[in-house]
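Trainee: Sequence:
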Amino acid sequence: MELKWINLDIKFLAMFPFVFIFFILVDQVSKYIFEHFFATSKIHILGDFLVLSFVKNTGIAFSFPIEGIVLKVLTIALIIGIVLYYFRYETYKNLLLTKWAYILILSGAVSNGLERVFVGSVTDFIGVKYFAIFNFADIFISIGAFLLFVIYFKYERANRD
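Position 45, counted from 1, in the sequence shown is what my numbering calls 45; the numbers after and before it change by one each time, with no gaps.
Hint data in this document are derived by calculation from the structure and do not stem from the laboratory.
Note that this is a predicted model, so its numbers are computed, not measured.
Treat the hints loosely; a few may be bogus.
Restricting the straight-line Cα-Cα distance to at most 20 Å, the calculated cross-link-like pairs of lysine to aspartate or glutamate (EDC-like) are [to be verified]: (1) K99 to E156; (2) K129 to D48; (3) K56 to E35.
DEER-style ranges, computed between Cβ atoms [claimed, not checked]: (4) G120 to L97: 31 to 37 Å; (5) G81 to L13: 19 to 25 Å; (6) H44 to V150: 20 to 26 Å; (7) F38 to R157: 41 to 47 Å; (8) A145 to F118: 20 to 26 Å; (9) E35 to V128: 36 to 42 Å; (10) Y152 to L52: 29 to 35 Å; (11) L95 to P17: 19 to 25 Å; (12) I33 to F118: 14 to 20 Å; (13) S142 to F18: 20 to 26 Å; (14) S30 to Y130: 35 to 41 Å; (15) L13 to E156: 26 to 32 Å.
Even glycine gets a Cβ: it sits at the ideal position worked out from N, Cα and C.
Make a model of the complete structure from these sequences and hints.
Mentor: Spelled out as structure tokens, the structure:
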């Protein structure tokens, strides 16, 4: 049986686990350090605009209030959906930038997802005034999503011209 929709890139597959684990470790270690050494502190980086402050987030991204088993199921479904979408539908998956985007998104989703499933909340500590409080996993997901957005519109525009 031939699986035409899976295009394996051996170099990428060899590198993926190491980069994936590295991003998860960056997120988890930063959360651990902040929770265990700075939990009672507020560290002002740019005055009141950028503040490091420990928060346990029981909601979803940016503290949106969905909690409990529904949130755990949504987290697992999202991670599975990202992986399936990439292997089944992603038109630009041969681009190196697309692969990096998916590594960022998946490692961020898995890191926050594991914490949410096993701890029941996610540690956030990077606060931006008038916006939200978040962590490195959220940053990875946001950068990956932005890269996919740019890639999609760049290549869709090129295909229309």
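Trainee: Take the hints in turn and mark each one as holding or not.
Mentor: Quick rundown of the hints versus the structure:
1. K99 to E156: holds, 18 Å
2. K129 to D48: Within the cut-off at roughly 7 Å; holds.
3. K56 to E35: holds, 9 Å
4. G120 to L97: 31 to 37 Å: At 35 Å between Cβs, range holds.
5. G81 to L13: 19 to 25 Å: holds, 21 Å
6. H44 to V150: 20 to 26 Å: violated, 32 Å
7. F38 to R157: 41 to 47 Å: holds, 45 Å
8. A145 to F118: 20 to 26 Å: Since the Cβ atoms of A145 and F118 sit about 25 Å apart, the hinted range of 20 to 26 Å holds.
9. E35 to V128: 36 to 42 Å: 20 Å Cβ-Cβ, so the 36 to 42 Å window is violated.
10. Y152 to L52: 29 to 35 Å: holds, 33 Å
11. L95 to P17: 19 to 25 Å: Taking Cβ atoms as reference, L95 and P17 lie about 20 Å apart, which means the hint holds.
12. I33 to F118: 14 to 20 Å: holds, 19 Å
13. S142 to F18: 20 to 26 Å: holds, 22 Å
14. S30 to Y130: 35 to 41 Å: violated, 23 Å
15. L13 to E156: 26 to 32 Å: Because 27 Å falls inside the window, the suggested range holds.
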